[in-house]
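Visitor: Spelled out from the first residue to the last, the chains are:
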Amino acid sequence: MQPKTPTSSAPLPAFDPPAEHDDFTSEEAEQRAQFLATWSSFMQASTEIAITGDPWQSLDDQNRSFYFNPLTTSIPDDATPAAIEWNAFPGRLIAYFGSASPSNLTDAQLDELADTGKVAAVPAFASGFPNIPSKVCPTLDWSQPPSQWRTFGPPGPRGWLDEYCEWSVTRNAAGKITSVSFTCENPEYWFTLWQSDPAVVLRLYQQYINPEVVAADLYLEDAAGNPVKNPLTGDYAYNPLNKWNTGTTVGAMHLTSPPNTVGAEIYLAAAATIARPDSSETDPQSMVCCSQYGQPFRNSDPHIGFSANAFIYQQGKRITLANPIGLYIQSPNFASYTLPATAPPGTTAANFWTVVRGRLAQPGTTYDQILRATFAVPESLGFTVSDIQISGAPIQWAAQIARTFNIGLAALALPGTTAPTQYACPTPTPPASTNLWPQIVIDDALLTAYLAAVGIPALPPAPLAPGQSVSGLTLLCAGTTTAATTISFPDGGIRATVTRTYTVDGMTAFVLDLTVAADAAEGLRSVLVTTAGVPAGPPTPGLLRVVAPASTPAPTRLVHRYSRNH
Amino acid sequence: MTHLSPALGILAVIVGCSGPTDRSTTDTKPTAKTAVGAPPAPIVDAEIVAPAFATSAPCGNLTLSLAPGVPGDVASQTDQLDFDCFAWQEFIALNWPADPASSFGDPNDQGPTTWETFMSADTLFDGNGQPPPAWGTQPPLPAACQALPAAVRSAAPSAHALTMTTKFSNLFDVPVASAQATSPPNWLGAQNGTNLWYDVRISKDEYEYLANLYTPALQLAVYEDSKTARIELPPGVMKFGKTSAVGSIELKAAWMVVTDPANPRWARYKKTQAFTYDPDNDTCALTTVALIALHIIHKTSSQPTWVWATFEHIDNLPPSGGGTPPGGYYNLAATACQSKSVAVPDAACLASGASSPVTIGCEPNTKPGYNLGPTCPAPVAIQVDRVMPVNSDATTANAAAQALITGSDPTSVWQYYALVDVLWSTSPTSGQKREVPLTFASPQPPRHISNAALETYTQSLTCIDCHASATIADSDSYGADFSFVLRRAAAQAQAAKRTMMLGKAATAASAHQ
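Same order as they appear, the protein sequences are chains A and B.
Quick note: to get our numbering, add 27 to the position in the first sequence (first position is 1).
Quick note: to get our numbering, add 1 to the position in the second sequence (first position is 1).
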C-alpha cells in the first residue's frame, strides 16, 4: 500500500450560489458582490436553523450535531461529495393514484395528471385531485374511512410537482409539444437576486420566459391589487407566483411548489442525521414516518433522508450538503427515445436537450449541476417533440420526459467525532414546556400580502443597517400562547419594543419597533422568545442580518427605476 | 471545490514528508516485556505486510472487497453507483468458491460457487405435497441421468440438473431450465447452435421461510387464516456495517454448452458440469456448461421491494465500438449474420401463426418460429442485440470491480463479467397490499433494465413489470412478495401430474431417492 498523500483542510470561506451560476454582467459588480454576500449569509442562516432543529415544540428533534456547518468545520480538500438522486416524476402521484391504488390510473393518465393536474377522461380527476387517506404511517391506509381523508396537496398552480422539478409546456396550434422547460431553481435564489437588484430578475424573465414581461408583472400585490413595497429594501416586493411563473403552460422560471425550497432541503438533511431506534431505521418509509422530515411517497424526501441518515447510522460519519448547495437536474437517459424517420441523419434525442442554466458534472464529482434545461425541436426540422417516442409511445406529456431523468443534490461526509446516539421518534413537547418557535422577521404589511398570496416567503434574513430604526416589523412565531412573552436579541446591537400582537393561521405575530445600534457589528442575529413559566429554549439563529450601509440597497434608486410602471 | 490557504497547504506538505506512512501506522508500540531503553521489539512481518495485491477498492460510497460474505443491506444508498457497487459485492460473494481450498476465479475450477450450493427452486417444490428436502440438497437426477454409467456420474457429483424446454412450456408455470420468462417459443439459441440453459436458486433465509409453504394450500392459508397477513419473505439486515441476516436472495443463471472445449475462449468463463435432460426423449447427457448471465435479486430491510441486479459475460455481444470476438465468436450475436431456413415437418412444433419452413432472420431479438421437442428441429443461433446500452454508472462500477479482480489474479474468470444494471427504489414501499399488483414506488434508474441472455425477447420491460404481479400458487390475486418461486408449488404439481400421465411416475419417484 502506498503512503497516503497528506491533504490540507480548511473551512469553507463562503457558500456559493447553485452551480456557481453568475447572473450579473461585468457592469454589475456591486450588485454581484452584494448578492454573493447575501446568498452566503442566507445559506449560513439556513444551515444554523437546520442544525438547531426544533427544541421549542418537539422532543427529540434537536441534537443535530452530525450535520456540520462547513463555514466552521475544516474540510479536507480531497473530500468527495456523494450525489443523492431521485426521479423527477412525482412519486406521490404514483403512490396515491397509480396501478396499486384504488384509482388505478395508467401511466399515460398519470402523465396527463402530472402535466395538467387533471385527467379529462376519468370523472374523479376531471376537475382535479380526489381526496386521499390522511393515515400514511406506518403504511398508506386505504381502509381508512373516507370521512377522514384529506385534500391532496401541496397546493398551488403546479404544487403537485413536488420532486424539486417543475416544468412548463409549449404546444403548437395542432396541440403538439414543441418545447418543454424544466427548472429546479430554488425560490430562495430568486428572492435573493431580487433583493440585490430587481432589474436582473426582470432581465432573466424576459430572456427565459417572455420578452413581454414588465417589472410590474413581478410585483407582489395586496388584497386591493396594489403593489407592496418592502421597506427594508425600498423596492416593490417580489411575487414568486407571478403571472409568468405559474401553472404548466405559461412559464416556469423557478420552483413554486411550497415544499420545493433549498431551505427545506437543508432542514431535511439535518433532521435526518439523528439516529433513530432500530425499528425506524429499516427503510425510507419507516424513517420518514419516525423523523417526520418530509412527505412519505415522494421520490425525494424519504430517499434524501434515508441516504443522509445512512452516513450516520451505518457509517458513523457526519455530513453537510456540499457546496454549492442546490437542487440539480441530471442529464436524461435518452436510450428509450426514438426519433421520427424524418429526423436528419445522425440526429439523436440528446441533440434536442439544452442545458440553459447551470453546468454538467465538474471534475471530481459525479453529478450534473443543471439548473434549467429545455427539450425542444426547432420548427425548421418539420417535426415536433410529440413526434418523438419514449419506450414506443409518442411524447404527449412533458411528464414522459421527466420520467427519464433524475434530480440530485450532494452530501459531503467526514469521519464522525463521536458515536451517534439513537433518539426516539419526535413527539410534541408537553404544553407546560412548549415555547413559541420564531420563523421570520418581515414588514407587517408585506407579511399580510405574502400570506394571502404564497404563504411564508423564503426571504433572506431581514437586512438592517447600523443605526437604522424601523417600525412595523413583525416577528412571526409558530404556535400561540396566553402567557406573557419576552423577545430579546442575544447577539446584541438590537433593541425592540412590541407595539401590537395578533394571531394568524395558528401563529403569533409580534409587531415591533426596532432599532439597530450605530456601532452594531455586521452579521447574522438570532432572536429569543421566552414565555413566562416555560423553560427558555435556545434562540432562533439567522432571522436578522446587520449589513454595512454601503451594501444596503438605496431605496430611491430602486423606486425610481420602477416607478414608471405605477 | 476547495478552499485552502497557501500557508496551510505548505504546512500539510511538510508534515506529509516526514510524517507516518500507512505502513508505520500499524501498532508498533513496545510490548509489556520490552525493557526500558531497549530498542523496540522487531516488527513481525506477518502483522504488517500487506498482501501482494489489493483486496479492496473504493466503489461509489462503498468499498468492494474480494471476500465471501453477502452483505445484508446496502450501506450507502445515495445514487445509482452505490447500488451498482453493492451488486458487485454481492456478485463477488455469491460467486466465491464453496470449497475454501479453491481460488476465486480459477479458470480450471469447475467446483460450485457459493450460490450454486443454494437450493434449486425446482427442488424446493416437488409437487407431491411433501416438505422440501434439507437445505443443501441438490436437484434430483432424472432416471435417464441416473442410468448413465456410474463412472460418468461420479465424475460430476455436484453437477447441475438442467431440463429441456418443450412446446408445453408456459409462462412462469413450468420450471423448465431452457425457457425464458415469456410465452413459447421461449428458447434462445447461442451462436454455437445450442440452446441456453437456465437455473434458479434461492438463499437459505428464503428457503427456511418457504419450507413451510410447500403446497398451494399452505400458501393460501396465509391469506385465508388472517385478514392482514401476507407473504413476506425475510429481508437482509445490516447495522453499523455488520450483516446480521443475509435475507432472501433469488438467482437465475444462464448457462451455455461448451461445444469446443479446446477453444481458449472458455478460459474466460466460470464453467461447471451439468446433466442436461430432455424429458420428451428421456435422454440425458453430462455436459460442460459456461456461465454467461446471472440475475441476483435481494430483499433487504431498506429495500423491501428488492434490489434487482443483472450481470452478463462480456463476450455475449460485441462491444459498442465493435471488436474481434475472443475465440472466434460472440455468444449471442454473429458479426456477419445470415438468415437460416429451418424445415419444421411437424406442425405441432410451429409457433402460432408460423408455417414451414421457418426463417430465422437477422432482425435482433426475434423469437424463433418453432418450439423444441422430439419431433421438432434442433435449436439454431438467434441474433441478439442489447436494446438498452450499459450506462455510465455501471461502467464505472465494472471498471472498479474488474480492476480489483484482475489485480488479485490476472487469470480470474470473473474479470470477464460485467454488471448490466440495477433496479432499486428511492422510496420503497414496506407495507404492501395483500393483492397484486404490489407497489414498486420511485423506481431507479429511469430506464428499462434487461439482460440480453435472460430477457432477450422482452427487453422493453423491466423486472417489476412482471414481478409486481407475482402471486402465490393457485391464486391470481394474492401477492407473493415479488417472487415467482412460490407459483412453482402449483407448477410442479402440474408437471408431476403430466409426468404420471406419460407413464413416467417411476421416473419422478426415483428422482427423489
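Each hint should be verified, as a subset may be incorrect.
Computed list of lysine to aspartate or glutamate pairs in EDC-like fashion (alpha-carbon distance at most 20 Å, straight line) [as the list claims (entries may be wrong)]:
1. K243(B) <-> D168(A)
2. K434(B) <-> E225(B)
3. K228(B) <-> D261(B)
4. K434(B) <-> D261(B)
5. K270(A) <-> E308(A)
6. K243(B) <-> D261(B)
7. K272(B) <-> D261(B)
8. K203(A) <-> E406(A)
9. K228(B) <-> D477(B)
10. K240(B) <-> D305(A)
11. K270(A) <-> D305(A)
12. K434(B) <-> D540(A)
13. K243(B) <-> E308(A)
14. K341(B) <-> D386(B)
15. K228(B) <-> D168(A)
16. K434(B) <-> D100(B)
17. K256(A) <-> D540(A)
18. K240(B) <-> E308(A)
Honestly, the hints are just simulated from the structure, not real lab data.
Visitor: Compare the distance between the alpha carbons of K434(B) and E225(B) with 20 Å, and conclude whether the hinted pair is satisfied.
Guide: 14 Å, holds
Visitor: Under the criterion that the straight-line Cα-Cα distance not exceed 20 Å, is the pair K270(A), D305(A) satisfied?
Guide: Measuring from Cα to Cα gives roughly 48 Å; hence the hint is violated.
Visitor: Could you grab the alpha-carbon distance between K228(B) and D477(B) and see if it respects the 20 Å cut-off?
Guide: Judged against 20 Å, a Cα distance of about 17 Å means the pair holds.
Visitor: Is the straight-line distance between the alpha-carbon of K256(A) and that of D540(A) 20 Å or less?
Guide: With Cα atoms ~18 Å apart, K256(A) and D540(A) stay inside 20 Å; holds.
Visitor: Quick one, are K270(A) and E308(A) close enough, alpha carbons at most 20 Å?
Guide: 43 Å, violated
Visitor: Within 20 Å, alpha carbon to alpha carbon, are K240(B) and D305(A)?
Guide: The given pair, whose Cα atoms are some 8 Å apart, holds under the 20 Å limit.
Visitor: Would the hint linking K228(B) and D168(A) be met if the CA-CA limit is 20 Å?
Guide: 14 Å, holds
Visitor: Within a Cα-Cα threshold of 20 Å, do K434(B) and D540(A) meet the stated pairing?
Guide: Cα-Cα ~57 Å, so violated.
Visitor: Are the Cα atoms of K228(B) and D261(B) separated by 20 Å or less?
Guide: 57 Å, violated
Visitor: Can you confirm whether the C-alpha distance between K243(B) and D168(A) stays at or below 20 Å?
Guide: 33 Å, violated
Visitor: Compare the distance between the alpha carbons of K203(A) and E406(A) with 20 Å, and conclude whether the hinted pair is satisfied.
Guide: Cα-Cα ~12 Å, so holds.
Visitor: Does D261(B) sit within 20 Å of K272(B), going by the straight-line distance between their CA atoms?
Guide: 13 Å, holds
Hint violations for this structure: numbers 1, 3, 4, 5, 6, 11, 12, 16, all remaining hints satisfied.
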